[in-house]
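Novice: First to last, the protein sequences are chains U and Z.
Residues in the first sequence are numbered from 122 upward in steps of one, following this note's numbering.
Residues in the second sequence are numbered from 2 upward in steps of one, following this note's numbering.
Since the hints were made in silico from the structure, they are not lab data.
There could be a bad hint or two in this list.
[What the hints assert, rightly or not] When the alpha-carbon atoms are kept at most 25 Å apart in a straight line, the in silico SDA-like pairs for lysine to any residue are as follows:
| # | chain 1 | residue 1 | chain 2 | residue 2 |
| --- | --- | --- | --- | --- |
| 1 | U | Lys128 | Z | Leu63 |
| 2 | U | Lys124 | Z | Tyr74 |
| 3 | U | Lys167 | Z | Asp46 |
| 4 | U | Lys128 | Z | Ala20 |
| 5 | U | Lys124 | Z | Leu67 |
| 6 | U | Lys124 | Z | Asp77 |
| 7 | U | Lys132 | Z | Ser59 |
| 8 | U | Lys196 | Z | Phe39 |
| 9 | U | Lys132 | Z | Phe108 |
| 10 | Z | Lys110 | U | Phe130 |
| 11 | U | Lys124 | Z | His78 |
| 12 | U | Lys128 | Z | Thr109 |
| 13 | U | Lys124 | Z | Glu146 |
| 14 | Z | Lys9 | Z | Gly126 |
| 15 | U | Lys167 | Z | Met52 |
| 16 | Z | Lys110 | Z | Asp132 |
| 17 | U | Lys128 | Z | Trp64 |
| 18 | U | Lys132 | Z | Gly112 |
| 19 | U | Lys128 | Z | Thr60 |
| 20 | U | Lys128 | Z | Met52 |
| 21 | U | Lys124 | Z | Leu68 |
| 22 | U | Lys128 | Z | His78 |
| 23 | U | Lys167 | U | Lys128 |
| 24 | Z | Lys144 | Z | Arg116 |
| 25 | U | Lys128 | Z | Phe26 |
The primary structure of each chain is shown beneath.
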Amino acid sequence: MNKDTRKRFEKAFRYGWPLYFLLPLLAGVTISYLFAVVHEPASYEKLNVFVASKSLDSVAFSNRLEEKLSPSGLKKASTTQGNPSDSLFSQKLSVVGYNGSDLFLLPQSVLSGIAAEDVFLPFSEDFVATHAKEANPVYYQTEAGVYGIRVKAKGEASWLSSSIGFLDEDYYLSLNATSKNLGNYGLYDNPTYDLALQAFDFLQGDGQ
Amino acid sequence: MKEVLLVKEKEAHYHSLLARELLLFAMGTTVFLAVFLFGLFLSSDHYLVVMWILIALSTLYLWGTLLYFGVIYPRDHAYERFYKSAEKGLRERQNIVFGSLSGDDSFTKDGMSARLLKGTFEENGKVFERDFYVLGDFPSLEKGETIAIESFSSVVLSIEVLHE
Chain U
122 MNKDTRKRFE KAFRYGWPLY FLLPLLAGVT ISYLFAVVHE PASYEKLNVF VASKSLDSVA
182 FSNRLEEKLS PSGLKKASTT QGNPSDSLFS QKLSVVGYNG SDLFLLPQSV LSGIAAEDVF
242 LPFSEDFVAT HAKEANPVYY QTEAGVYGIR VKAKGEASWL SSSIGFLDED YYLSLNATSK
302 NLGNYGLYDN PTYDLALQAF DFLQGDGQ
Chain Z
2 MKEVLLVKEK EAHYHSLLAR ELLLFAMGTT VFLAVFLFGL FLSSDHYLVV MWILIALSTL
62 YLWGTLLYFG VIYPRDHAYE RFYKSAEKGL RERQNIVFGS LSGDDSFTKD GMSARLLKGT
122 FEENGKVFER DFYVLGDFPS LEKGETIAIE SFSSVVLSIE VLHE
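Pulled out of the complex, with its shape left as it was, chain Z reads as follows (with noise of 0.2 Å):
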């Protein structure tokens, strides 16, 4: 089978990924709350420009706060997670009659930007739709073609083409 997503490199990858960002934001808090000290307690008596600035700061600092804990830190800990997960945990193996993928990432599956594989498989005479969601990049596939698939909770973690 042919890997598409490398999970204990991605887990790596966002595991020190977000060991960095969390660094950086506490720096970046260190220095905000260093400038904010000293600029409160060593201005003048005519501190009305340093406020300003110190204002300006704070509204800087409060939104990359919401940027990063509102958007970045919930995405990246989401791919950790899932990766971590994917690593330990059951993987599944399923043939397929390859459908469709979508063209862009715009589905979501558990806070992960994924793009749709539509697919069909047969059981007890009866014919099935099955979704599974791509993260990153995937082999172009003729519709039709038959495929398996190892996934965890769904995520394609490899495939591998059996026949037409």
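Extracted from the complex, chain U is given alone in its bound form (with noise of 0.2 Å):
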């Protein structure tokens, strides 16, 4: 830069400096926006699951999900948390659950609120099958089928219990119908994209 240069330099700047802070700054806002928009992974690749609890530590039930399923392809397993006694909690269940969640973990009082066969996976007998891991399953039923499989009794302790604040109920694990992770059980003919599956199998085994 010559001193003719420098020296306009100095003025211009002495009255557009904000600029020269402005435009990067935005510049950073928007480079990482853009890299979080392209690298969002595709919806067969990430879990939501949707908790009825009390509390929940959201970032190590994600993280022990992730180790278990990204050898499967899993890359972003995340959690939406509701709390039945919060007045939004039914909005929140049916706004956020039902539109973007894969699993629910939902406590036996709040499923009795609600028309499970409009949202949820009943399970076929094929289903349970291949999916109940225990030898003598509780599963959630209704008139119109089975749409949830206990994964913890009132009272009992489970190895869920370190992230999530569960309430003094039985917990049932349920499935979105409507989830693209479902393999061929649900809408979607997609039989390779079956991490919801997978993710059903792990939550109700014991953490291993």
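Mind docking these for me? Both chains are given alone in their own frames, and the hints should help you get the complex.
Specialist: Listed below in structure tokens is the structure:
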């Protein structure tokens, strides 16, 4: 930069210095947003679990799920938590949960208050034979069919208790019928995208 | 008269300089965009390092763009515009008594850095002051020397020493 250019730059900088800071800042925010959008995992590479509980250590829970299922192609696990005693819980469940979650971990009291057949995947005999891990599983059943499998009994401990503040009730695991990660069981014919089924199996187990 | 400003050559010089600068800027922009798009779309899911490199590159690009379009381009464009006008416009010729010439080009004339030449001329028995602007080299003159100046928009183009 020669003397004349430097002199002119110093004069221009005196008046326009905010631009020299704001533009890179704006660029940084835009670039990080673009990266987040471009590298957002596809719907068959991510899972969301809706948990109705008093509390939830979302990071620990998601990390555990990612550790377990990343070899199968899971890139991002996330959670949505709602406390059933909150006034907005039912709206959160129907708006965020039904539209975005792949799996639901719900207590008996919540399940009995909703029309499970409208949202959850009905467990077929084939499904039960393949994915029920306990010898004598307990199901959440309505007149329309089976929609959940018990993963934690009232008063009993569970490996999930380390990250979830369970209510003192039976908890059931259900699958969203509109999830794209249900293999051949859901609305979509995509047998290779079965992360929700793998997570379903994993959450029924002992955390290993 | 002795030309102190070679208008035609200067006009050609600034014309090609502007074209070269704009071409360089366009090439830089193309390279930047190519690197940016490659980095954005071909990076792996662990993109943090690439993202910070691109943010740094974007910062440099934006600063460069601000410097170019805020300082360099307006200056060079001002020179080109002046020389283009000086080539075609009406020139003024005036005899003055040389007074002084500033040492540095800290004066600004239509966006150009210039030295200030002070002189006087007589008209109807009255003496008036007259300022001219000097771009580039200028012969050394003694105070009180009478010179004829050919100028455009008060910028000295040619001079001739008449007598003391």
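Novice: Now look at each hint and say whether the structure bears it out.
Specialist: Results for each hint:
| no. | hint | result |
| --- | --- | --- |
| 1 | Lys128/U <-> Leu63/Z | 20 Å, holds |
| 2 | Lys124/U <-> Tyr74/Z | 16 Å, holds |
| 3 | Lys167/U <-> Asp46/Z | 13 Å, holds |
| 4 | Lys128/U <-> Ala20/Z | 23 Å, holds |
| 5 | Lys124/U <-> Leu67/Z | 18 Å, holds |
| 6 | Lys124/U <-> Asp77/Z | 15 Å, holds |
| 7 | Lys132/U <-> Ser59/Z | 23 Å, holds |
| 8 | Lys196/U <-> Phe39/Z | 22 Å, holds |
| 9 | Lys132/U <-> Phe108/Z | 14 Å, holds |
| 10 | Lys110/Z <-> Phe130/U | 17 Å, holds |
| 11 | Lys124/U <-> His78/Z | 18 Å, holds |
| 12 | Lys128/U <-> Thr109/Z | 12 Å, holds |
| 13 | Lys124/U <-> Glu146/Z | 32 Å, violated |
| 14 | Lys9/Z <-> Gly126/Z | 38 Å, violated |
| 15 | Lys167/U <-> Met52/Z | 22 Å, holds |
| 16 | Lys110/Z <-> Asp132/Z | 11 Å, holds |
| 17 | Lys128/U <-> Trp64/Z | 16 Å, holds |
| 18 | Lys132/U <-> Gly112/Z | 13 Å, holds |
| 19 | Lys128/U <-> Thr60/Z | 22 Å, holds |
| 20 | Lys128/U <-> Met52/Z | 34 Å, violated |
| 21 | Lys124/U <-> Leu68/Z | 14 Å, holds |
| 22 | Lys128/U <-> His78/Z | 17 Å, holds |
| 23 | Lys167/U <-> Lys128/U | 55 Å, violated |
| 24 | Lys144/Z <-> Arg116/Z | 16 Å, holds |
| 25 | Lys128/U <-> Phe26/Z | 22 Å, holds |
The structure does not agree with the numbered hints 13, 14, 20, 23 stated previously, though it agrees with the rest.
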